[in-house]
Amino acid sequence: MHWVKGLNFLIPILDRIRYVQSLKEIVIDIPEQSAVSLDNVTLQIDGVLYLRILDPFKASYGVEDPEYAVTQLAQTTMRSELGKLTLDKVFRERESLNSNIVHSINQASDEWGIRCLRYEIKDIQVPPRVKESMQMQVEAERRKRATVLESEGTREAAINVAEGGKQAQILASEAQKAEQINKAAGEAQAILAKAEAKAKAIRLLSEALAEQNGNAAASLSVAEQYVAAFSNLAKESNTVLLPSQTGDISGMVTQAMTIYGTLAKPTVKSIKAETEQEKSEEPAAQSTSAQ
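Throughout the sequence shown, residue numbering follows my numbering, covering 262 to 552 in sequence.
Treat the hints with caution; some may be incorrect.
Said to hold, decoys possible - Only pairs whose alpha carbons sit at most 20 Å apart, straight line, appear in this in silico DMTMM-like list of lysine to aspartate or glutamate:
(1) LYS350 - ASP290
(2) LYS392 - GLU417
(3) LYS383 - ASP307
(4) LYS350 - GLU393
(5) LYS285 - GLU342
(6) LYS392 - GLU328
(7) LYS345 - GLU402
(8) LYS405 - GLU393
(9) LYS345 - ASP290
(10) LYS383 - GLU356
(11) LYS319 - ASP371
(12) LYS392 - GLU402
(13) LYS345 - GLU393
(14) LYS285 - ASP326
(15) LYS345 - GLU356
(16) LYS383 - GLU448
(17) LYS383 - ASP371
(18) LYS350 - GLU381
(19) LYS350 - GLU402
(20) LYS392 - ASP300
(21) LYS319 - GLU372
(22) LYS383 - ASP316
(23) LYS285 - GLU328
(24) LYS383 - ASP326
(25) LYS405 - GLU424
(26) LYS350 - ASP307
(27) LYS345 - ASP384
Note that these hints are calculated values from the structure, not bench results. Nothing here was measured: the structure is a model prediction, and the numbers come from that model.
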(Lines of atoms letter the chains of each structure in order from A and count residues from 1; the text may use other names and numbers.)
(Lines give C-alpha, C1' and ligand atoms only; values in the text may rest on other atoms or scores of the structure.)
Protein backbone atom coordinates (compact mmCIF):
# COMPACT_ATOMS: atom_id res chain seq x y z
CA MET A 1 0.00 0.00 0.00
CA HIS A 2 1.44 3.37 -1.00
CA TRP A 3 0.72 6.37 1.15
CA VAL A 4 0.58 9.67 -0.76
CA LYS A 5 -0.35 13.26 0.03
CA GLY A 6 -2.37 15.26 -2.40
CA LEU A 7 -2.83 14.56 -6.10
CA ASN A 8 -0.01 12.71 -7.86
CA PHE A 9 0.42 11.88 -11.54
CA LEU A 10 2.56 8.99 -12.74
CA ILE A 11 4.23 9.12 -16.13
CA PRO A 12 4.42 5.63 -17.63
CA ILE A 13 7.91 4.18 -17.98
CA LEU A 14 9.46 7.18 -16.23
CA ASP A 15 7.54 6.95 -12.90
CA ARG A 16 6.93 3.82 -10.88
CA ILE A 17 6.04 2.85 -7.28
CA ARG A 18 9.28 2.57 -5.33
CA TYR A 19 8.16 1.50 -1.82
CA VAL A 20 5.08 -0.34 -0.59
CA GLN A 21 4.59 -0.44 3.20
CA SER A 22 1.94 -2.42 5.08
CA LEU A 23 0.30 -0.72 8.04
CA LYS A 24 -0.74 -4.04 9.58
CA GLU A 25 0.98 -5.54 12.61
CA ILE A 26 4.07 -7.45 11.51
CA VAL A 27 5.47 -10.55 13.23
CA ILE A 28 9.22 -11.10 12.90
CA ASP A 29 10.94 -14.24 14.10
CA ILE A 30 14.22 -13.38 15.86
CA PRO A 31 16.73 -16.17 15.14
CA GLU A 32 18.58 -17.97 17.89
CA GLN A 33 21.72 -16.28 19.11
CA SER A 34 24.30 -16.51 21.89
CA ALA A 35 24.30 -14.19 24.88
CA VAL A 36 26.42 -14.05 28.03
CA SER A 37 24.74 -13.37 31.37
CA LEU A 38 26.18 -11.28 34.20
CA ASP A 39 27.62 -14.41 35.88
CA ASN A 40 29.40 -15.47 32.64
CA VAL A 41 26.98 -18.19 31.51
CA THR A 42 26.53 -18.55 27.75
CA LEU A 43 22.87 -18.81 26.74
CA GLN A 44 21.16 -19.65 23.47
CA ILE A 45 18.05 -17.52 23.16
CA ASP A 46 15.47 -16.68 20.50
CA GLY A 47 12.25 -14.71 20.39
CA VAL A 48 9.38 -13.16 18.46
CA LEU A 49 8.99 -9.46 17.72
CA TYR A 50 5.66 -7.72 17.04
CA LEU A 51 5.84 -4.30 15.38
CA ARG A 52 3.81 -1.88 13.26
CA ILE A 53 4.78 0.84 10.75
CA LEU A 54 3.34 4.15 11.89
CA ASP A 55 5.06 6.46 9.38
CA PRO A 56 5.50 4.88 5.88
CA PHE A 57 7.60 7.83 4.69
CA LYS A 58 10.18 7.35 7.48
CA ALA A 59 10.06 3.59 7.05
CA SER A 60 10.79 4.03 3.34
CA TYR A 61 13.42 6.75 3.42
CA GLY A 62 14.70 6.65 7.02
CA VAL A 63 16.20 3.15 6.77
CA GLU A 64 17.08 0.85 3.88
CA ASP A 65 15.44 -2.36 5.17
CA PRO A 66 13.23 -1.66 8.19
CA GLU A 67 12.53 -5.31 9.09
CA TYR A 68 16.21 -6.24 8.94
CA ALA A 69 17.16 -3.16 10.92
CA VAL A 70 14.62 -3.93 13.65
CA THR A 71 15.72 -7.57 13.76
CA GLN A 72 19.36 -6.62 14.26
CA LEU A 73 18.37 -4.03 16.84
CA ALA A 74 16.30 -6.62 18.72
CA GLN A 75 19.23 -9.05 18.78
CA THR A 76 21.76 -6.51 20.02
CA THR A 77 19.32 -5.15 22.59
CA MET A 78 18.54 -8.64 23.84
CA ARG A 79 22.25 -9.42 24.29
CA SER A 80 22.75 -6.12 26.10
CA GLU A 81 19.83 -6.70 28.49
CA LEU A 82 20.87 -10.30 29.22
CA GLY A 83 24.36 -9.09 30.15
CA LYS A 84 22.80 -7.06 32.98
CA LEU A 85 21.16 -10.07 34.65
CA THR A 86 22.42 -13.23 36.29
CA LEU A 87 21.24 -16.64 35.15
CA ASP A 88 18.69 -17.01 37.96
CA LYS A 89 17.19 -13.58 37.27
CA VAL A 90 16.88 -14.31 33.55
CA PHE A 91 14.33 -17.03 34.32
CA ARG A 92 12.61 -15.17 37.15
CA GLU A 93 12.39 -11.76 35.45
CA ARG A 94 11.48 -12.90 31.98
CA GLU A 95 8.54 -10.50 31.70
CA SER A 96 10.65 -7.57 32.87
CA LEU A 97 13.33 -8.51 30.34
CA ASN A 98 10.78 -8.45 27.50
CA SER A 99 9.57 -5.02 28.57
CA ASN A 100 13.10 -3.60 28.71
CA ILE A 101 13.86 -4.91 25.22
CA VAL A 102 10.70 -3.29 23.80
CA HIS A 103 11.55 0.03 25.44
CA SER A 104 15.11 -0.01 24.07
CA ILE A 105 13.95 -0.89 20.53
CA ASN A 106 11.35 1.89 20.51
CA GLN A 107 13.93 4.50 21.47
CA ALA A 108 15.98 3.66 18.35
CA SER A 109 13.18 2.80 15.90
CA ASP A 110 11.21 6.00 16.44
CA GLU A 111 13.29 7.68 13.69
CA TRP A 112 12.30 4.92 11.30
CA GLY A 113 8.55 5.38 11.79
CA ILE A 114 8.27 1.91 13.37
CA ARG A 115 6.67 1.07 16.69
CA CYS A 116 7.59 -2.13 18.55
CA LEU A 117 4.46 -3.42 20.28
CA ARG A 118 5.87 -6.36 22.25
CA TYR A 119 8.68 -8.84 22.37
CA GLU A 120 8.39 -12.42 23.60
CA ILE A 121 11.28 -14.77 24.40
CA LYS A 122 10.47 -18.20 23.00
CA ASP A 123 13.20 -20.39 24.40
CA ILE A 124 16.30 -20.11 26.59
CA GLN A 125 18.84 -22.91 26.40
CA VAL A 126 21.71 -23.32 28.86
CA PRO A 127 24.81 -25.54 28.62
CA PRO A 128 24.33 -29.15 29.79
CA ARG A 129 26.67 -28.80 32.77
CA VAL A 130 24.96 -25.63 33.91
CA LYS A 131 21.61 -27.34 33.50
CA GLU A 132 22.78 -30.23 35.70
CA SER A 133 24.06 -27.76 38.30
CA MET A 134 20.74 -25.95 38.27
CA GLN A 135 18.89 -29.23 38.72
CA MET A 136 21.16 -30.18 41.63
CA GLN A 137 20.58 -26.75 43.14
CA VAL A 138 16.82 -27.20 42.87
CA GLU A 139 17.03 -30.65 44.50
CA ALA A 140 19.23 -29.27 47.28
CA GLU A 141 16.76 -26.45 47.86
CA ARG A 142 13.90 -28.93 48.06
CA ARG A 143 15.83 -31.10 50.52
CA LYS A 144 16.59 -28.00 52.55
CA ARG A 145 12.91 -27.03 52.70
CA ALA A 146 11.98 -30.60 53.63
CA THR A 147 14.61 -30.62 56.42
CA VAL A 148 13.42 -27.25 57.70
CA LEU A 149 9.80 -28.37 57.69
CA GLU A 150 10.71 -31.61 59.44
CA SER A 151 12.71 -29.75 62.10
CA GLU A 152 9.86 -27.31 62.63
CA GLY A 153 7.46 -30.22 63.00
CA THR A 154 9.79 -31.87 65.53
CA ARG A 155 10.07 -28.60 67.44
CA GLU A 156 6.30 -28.12 67.50
CA ALA A 157 5.85 -31.71 68.67
CA ALA A 158 8.43 -31.21 71.46
CA ILE A 159 6.73 -27.98 72.50
CA ASN A 160 3.34 -29.69 72.57
CA VAL A 161 4.72 -32.60 74.61
CA ALA A 162 6.39 -30.21 77.06
CA GLU A 163 3.25 -28.12 77.34
CA GLY A 164 1.18 -31.25 77.93
CA GLY A 165 3.61 -32.43 80.62
CA LYS A 166 3.46 -29.03 82.26
CA GLN A 167 -0.32 -29.01 82.30
CA ALA A 168 -0.34 -32.58 83.63
CA GLN A 169 2.02 -31.64 86.48
CA ILE A 170 -0.08 -28.59 87.33
CA LEU A 171 -3.26 -30.66 87.40
CA ALA A 172 -1.55 -33.40 89.44
CA SER A 173 -0.26 -30.87 91.99
CA GLU A 174 -3.68 -29.24 92.23
CA ALA A 175 -5.28 -32.65 92.71
CA GLN A 176 -2.69 -33.57 95.37
CA LYS A 177 -3.26 -30.23 97.09
CA ALA A 178 -7.03 -30.75 97.10
CA GLU A 179 -6.52 -34.30 98.37
CA GLN A 180 -4.29 -33.11 101.23
CA ILE A 181 -6.78 -30.38 102.12
CA ASN A 182 -9.64 -32.85 102.15
CA LYS A 183 -7.56 -35.35 104.13
CA ALA A 184 -6.57 -32.70 106.67
CA ALA A 185 -10.17 -31.55 106.96
CA GLY A 186 -11.29 -35.15 107.44
CA GLU A 187 -8.63 -35.80 110.05
CA ALA A 188 -9.58 -32.61 111.87
CA GLN A 189 -13.23 -33.59 111.85
CA ALA A 190 -12.30 -37.09 113.01
CA ILE A 191 -10.18 -35.71 115.89
CA LEU A 192 -12.98 -33.33 116.84
CA ALA A 193 -15.55 -36.13 116.72
CA LYS A 194 -13.29 -38.37 118.84
CA ALA A 195 -12.73 -35.57 121.32
CA GLU A 196 -16.47 -34.87 121.56
CA ALA A 197 -17.18 -38.57 121.92
CA LYS A 198 -14.50 -38.95 124.60
CA ALA A 199 -15.79 -35.88 126.45
CA LYS A 200 -19.31 -37.24 126.32
CA ALA A 201 -18.10 -40.65 127.50
CA ILE A 202 -16.22 -39.05 130.43
CA ARG A 203 -19.26 -36.99 131.30
CA LEU A 204 -21.53 -40.06 131.24
CA LEU A 205 -18.93 -42.02 133.25
CA SER A 206 -18.72 -39.29 135.87
CA GLU A 207 -22.51 -39.23 136.14
CA ALA A 208 -22.63 -43.03 136.42
CA LEU A 209 -19.95 -43.08 139.16
CA ALA A 210 -21.86 -40.48 141.14
CA GLU A 211 -24.91 -42.72 141.27
CA GLN A 212 -25.57 -45.58 143.73
CA ASN A 213 -23.35 -48.69 143.29
CA GLY A 214 -21.04 -46.66 141.05
CA ASN A 215 -17.96 -48.06 142.77
CA ALA A 216 -19.04 -51.63 142.03
CA ALA A 217 -19.51 -50.78 138.38
CA ALA A 218 -16.09 -49.15 138.28
CA SER A 219 -14.52 -52.23 139.90
CA LEU A 220 -16.16 -54.48 137.31
CA SER A 221 -14.88 -52.31 134.46
CA VAL A 222 -11.33 -52.28 135.87
CA ALA A 223 -11.37 -56.06 136.26
CA GLU A 224 -12.55 -56.55 132.68
CA GLN A 225 -9.83 -54.26 131.30
CA TYR A 226 -7.22 -56.06 133.42
CA VAL A 227 -8.17 -59.46 132.04
CA ALA A 228 -8.30 -58.13 128.43
CA ALA A 229 -4.89 -56.51 128.78
CA PHE A 230 -3.21 -59.71 129.95
CA SER A 231 -4.88 -61.73 127.21
CA ASN A 232 -3.34 -59.46 124.53
CA LEU A 233 0.19 -59.35 125.92
CA ALA A 234 1.34 -62.58 124.29
CA LYS A 235 -0.18 -61.61 120.92
CA GLU A 236 1.60 -58.25 120.48
CA SER A 237 5.16 -59.05 121.62
CA ASN A 238 7.44 -61.95 122.49
CA THR A 239 8.73 -60.10 125.58
CA VAL A 240 6.14 -60.01 128.40
CA LEU A 241 6.50 -58.06 131.65
CA LEU A 242 4.19 -59.43 134.38
CA PRO A 243 3.52 -58.12 137.89
CA SER A 244 4.44 -60.22 140.91
CA GLN A 245 0.80 -61.05 141.74
CA THR A 246 -0.63 -61.96 138.35
CA GLY A 247 -3.39 -64.23 139.64
CA ASP A 248 -4.60 -61.87 142.33
CA ILE A 249 -7.24 -60.04 140.33
CA SER A 250 -9.09 -58.80 143.41
CA GLY A 251 -5.89 -57.26 144.76
CA MET A 252 -5.24 -55.50 141.47
CA VAL A 253 -8.80 -54.19 141.30
CA THR A 254 -8.55 -52.97 144.92
CA GLN A 255 -5.28 -51.19 144.14
CA ALA A 256 -6.81 -49.57 141.03
CA MET A 257 -9.88 -48.45 143.00
CA THR A 258 -7.64 -46.99 145.70
CA ILE A 259 -5.79 -44.95 143.07
CA TYR A 260 -9.11 -43.88 141.61
CA GLY A 261 -10.43 -42.85 145.02
CA THR A 262 -7.31 -40.81 145.75
CA LEU A 263 -7.64 -38.98 142.46
CA ALA A 264 -11.38 -38.52 142.77
CA LYS A 265 -11.32 -36.90 146.27
CA PRO A 266 -10.29 -33.41 145.07
CA THR A 267 -12.92 -33.58 142.38
CA VAL A 268 -15.63 -34.57 144.89
CA LYS A 269 -14.56 -31.79 147.25
CA SER A 270 -14.73 -29.23 144.45
CA ILE A 271 -18.16 -30.49 143.42
CA LYS A 272 -19.42 -30.23 147.04
CA ALA A 273 -17.98 -26.70 147.33
CA GLU A 274 -19.71 -25.62 144.18
CA THR A 275 -22.99 -27.16 145.38
CA GLU A 276 -22.79 -25.36 148.77
CA GLN A 277 -21.98 -22.07 147.03
CA GLU A 278 -25.00 -22.42 144.76
CA LYS A 279 -27.23 -23.16 147.79
CA SER A 280 -25.92 -20.08 149.62
CA GLU A 281 -26.56 -17.87 146.60
CA GLU A 282 -30.18 -19.00 146.21
CA PRO A 283 -31.58 -17.34 149.47
CA ALA A 284 -29.79 -14.08 148.59
CA ALA A 285 -31.38 -14.07 145.18
CA GLN A 286 -34.83 -14.82 146.71
CA SER A 287 -34.52 -11.94 149.21
CA THR A 288 -33.54 -9.54 146.44
CA SER A 289 -36.51 -10.51 144.37
CA ALA A 290 -38.84 -10.13 147.36
CA GLN A 291 -37.72 -6.55 147.97
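Hints, one by one, checked against the model:
1. Only pairs whose Cα atoms come within 20 Å are accepted, and LYS350 paired with ASP290 is rejected, the gap being roughly 24 Å.
2. Using a Cα cut-off of 20 Å, the hinted pair LYS392 and GLU417 is violated, with the two alpha carbons roughly 37 Å apart.
3. At most 20 Å may separate the alpha-carbon atoms for a hinted pair to count; LYS383 and ASP307 meet this at roughly 6 Å.
4. Taking the CA atoms of LYS350 and GLU393, the gap is near 18 Å; set against the 20 Å cutoff, the hint holds.
5. Simply put, LYS285 and GLU342 have alpha-carbon atoms about 28 Å apart, too far for the 20 Å limit, and the pair is violated.
6. Restraint check for LYS392 and GLU328: not satisfied, since their Cα atoms lie roughly 34 Å apart, outside the 20 Å limit.
7. This hinted pair does not check out: LYS345 and GLU402 have alpha carbons roughly 25 Å apart, beyond 20 Å.
8. Our distance criterion of 20 Å between C-alpha atoms is met by LYS405 and GLU393, whose separation comes to about 18 Å.
9. At roughly 23 Å between alpha-carbon atoms, LYS345 and ASP290 are farther apart than 20 Å, so this suggested pair is violated.
10. Distance check on the hinted pair: LYS383 and GLU356 sit about 12 Å apart at the alpha-carbon level, within 20 Å; holds.
11. Distance check on the hinted pair: LYS319 and ASP371 sit about 9 Å apart at the alpha-carbon level, within 20 Å; holds.
12. Taken as a hint, the LYS392 and GLU402 pair is honoured in the structure, with Cα atoms around 15 Å apart against an allowance of 20 Å.
13. At roughly 23 Å between alpha-carbon atoms, LYS345 and GLU393 are farther apart than 20 Å, so this suggested pair is violated.
14. Among the hinted pairs, LYS285 with ASP326 is consistent with the structure: their alpha-carbon atoms are about 17 Å apart, no more than 20 Å.
15. This hinted pair checks out: LYS345 and GLU356 have alpha carbons roughly 15 Å apart, not beyond 20 Å.
16. Between LYS383 and GLU448, the direct Cα distance comes to roughly 91 Å. Violation of the 20 Å bound is thereby established for this hinted pair.
17. Between the alpha carbons of LYS383 and ASP371 the distance comes to roughly 25 Å, so the proposed pair goes past 20 Å and is violated.
18. Of the supplied pair hints, the one linking LYS350 and GLU381 holds, its CA atoms being roughly 16 Å apart against a limit of 20 Å.
19. Between LYS350 and GLU402 the alpha-carbon distance is near 17 Å, which keeps this suggested pair within the 20 Å criterion.
20. Proximity of LYS392 to ASP300 is assessed by CA-CA distance (about 14 Å); at most 20 Å being required, the pair is judged to hold.
21. Taking the CA atoms of LYS319 and GLU372, the gap is about 7 Å. The hint holds against a cut of 20 Å.
22. For a cut-off of 20 Å, the pair hint linking LYS383 to ASP316 is broken: about 29 Å separates their Cα positions.
23. For the given pair, LYS285 sits about 13 Å from GLU328 by alpha-carbon distance, which is consistent with the 20 Å threshold.
24. Simply put, LYS383 and ASP326 have alpha-carbon atoms about 24 Å apart, too far for the 20 Å limit, and the pair is violated.
25. Between LYS405 and GLU424, the direct Cα distance comes to roughly 28 Å. Violation of the 20 Å bound is thereby established for this hinted pair.
26. Simply put, LYS350 and ASP307 have alpha-carbon atoms about 17 Å apart, close enough for the 20 Å limit, and the pair holds.
27. Between LYS345 and ASP384 the alpha-carbon distance is near 19 Å, which keeps this suggested pair within the 20 Å criterion.
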